[in-house]
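From first to last, the protein sequence lines stand for chains X and A.
Those letters in the first sequence? Residues 1 to 168, by the numbering used here.
Those letters in the second sequence? Residues 1 to 168, by the numbering used here.
Just so you know, these hints were derived from the structure itself, not from any lab.
Any given hint could turn out to be false.
Pairs involving identical chains hold if they fit within one copy or between any two copies, as the list cannot separate such chains.
Claimed, not checked - With a cut-off of at most 25 angstroms between alpha-carbon atoms, the simulated SDA-like pairs for lysine to any residue come out as follows:
#1 K141 / L153
#2 K72 / P135
#3 K72 / L126
#4 K134 / Y40
#5 K134 / D63
#6 K141 / T160
#7 K134 / E106
Protein chains: 2
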Amino acid sequence: MPQGRGTRVPRPSRVPRMTTTATLWFEDVRPGETFHFGPYHVDRDELLAFNRRWDPLPIHLDDAAARARGLKGLSASGQYTLCIKQAMLNGAAWREAIIGALGFDELRFPHPVHPGDDIRLEIECLETRPSQSKPDRGIVKFHFRLYNQDEVLVLSYLDTVMFARRPG
Amino acid sequence: MPQGRGTRVPRPSRVPRMTTTATLWFEDVRPGETFHFGPYHVDRDELLAFNRRWDPLPIHLDDAAARARGLKGLSASGQYTLCIKQAMLNGAAWREAIIGALGFDELRFPHPVHPGDDIRLEIECLETRPSQSKPDRGIVKFHFRLYNQDEVLVLSYLDTVMFARRPG
């Protein structure tokens, strides 16, 4: 499971990716920037264990049951897809700055995730604004997109996060 | 972790809850009905293991780090909160009828989840409509709300799900 601290791609020029090593604070994340993470390989045993523990629907456990519902084979719980998205962020350069998740909007699962998939994550910063009430923080809105190895979109949503401002 | 198959509460009369034992299909889920699940007890060890595996931010692992960010103590990853929501649904009477998750809207985490919390789930059916293209299924929109033991809302969102219609 290769992970980076997140590579940032300035837009629209698409110059070569630069790996960021310093902590990014609220002030360092700018609208229009895109960060790339992953890929994350979906291991069949891990997926099955997760589905069994948290979301044991027949379509999440059994290939035949999934095919009977028009799927290619057993598929990930949406919760698993959200977890691997989160795991890919573990090394993100802004990790120290996160105060908390505020919410998700327009979250869609347009295509199922299956065992053997290699999932990559692309995050575009849409908007940043300082908190009105607390001077030590600000709010960042990202567009999260997950793609499989065939570049098929499997998850898309808007994620609003509370960031700490650079200390001092 | 007591779980039911979901108890349905007709509205607005609030007559005594009836436990449903037969499978509910698309046709059986009606706008205005509310279903209740849980409670789910948040075990500190389980929460820590989950956070460590999927979302090891300092605020998810360490009481002091969480307090430094204004939290009461270490708190659940949003992904954990979504997973316990899903686990509470395991016994839902419509479980056999689920074809897949379409998406979440207006998802908010208005209050953190902490070790020791007892979380309950309330699901209100807002809307149902048959699929335009596939006669064997229909779409159901629910409002999901999770509350802690103090009746504080910890998660709220709209969940759109593809249901199978009653076979035959």
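Results for each hint:
1. In this homomeric assembly, K141 and L153 come within 25 angstroms of each other (Cα to Cα) both inside a single copy, at 20 angstroms, and across copies, at 23 angstroms.
2. For the homomeric pair K72 and P135, the shortest alpha-carbon distance between copies (20 angstroms) is at most 25 angstroms, but the shortest distance inside one copy (50 angstroms) is not.
3. In this homomeric assembly, K72 and L126 never come within 25 angstroms of each other (Cα to Cα): the closest approach is 34 angstroms inside a single copy and 30 angstroms across copies.
4. Taking the closest pair of Cα atoms, K134 and Y40 never come within 25 angstroms of each other, the shortest separation being 36 angstroms inside a single copy and 33 angstroms across copies.
5. With identical chains, the CA atoms of K134 and D63 are at most 25 angstroms apart between copies only, with a shortest distance of 21 angstroms across copies and 50 angstroms within one.
6. In this homomeric assembly, K141 and T160 come within 25 angstroms of each other (Cα to Cα) both inside a single copy, at 4 angstroms, and across copies, at 23 angstroms.
7. In this homomeric assembly, K134 and E106 come within 25 angstroms of each other (Cα to Cα) only across copies, at 24 angstroms, whereas the closest approach inside a single copy is 27 angstroms.
In summary, the numbered hints that this structure violates are 3 and 4.
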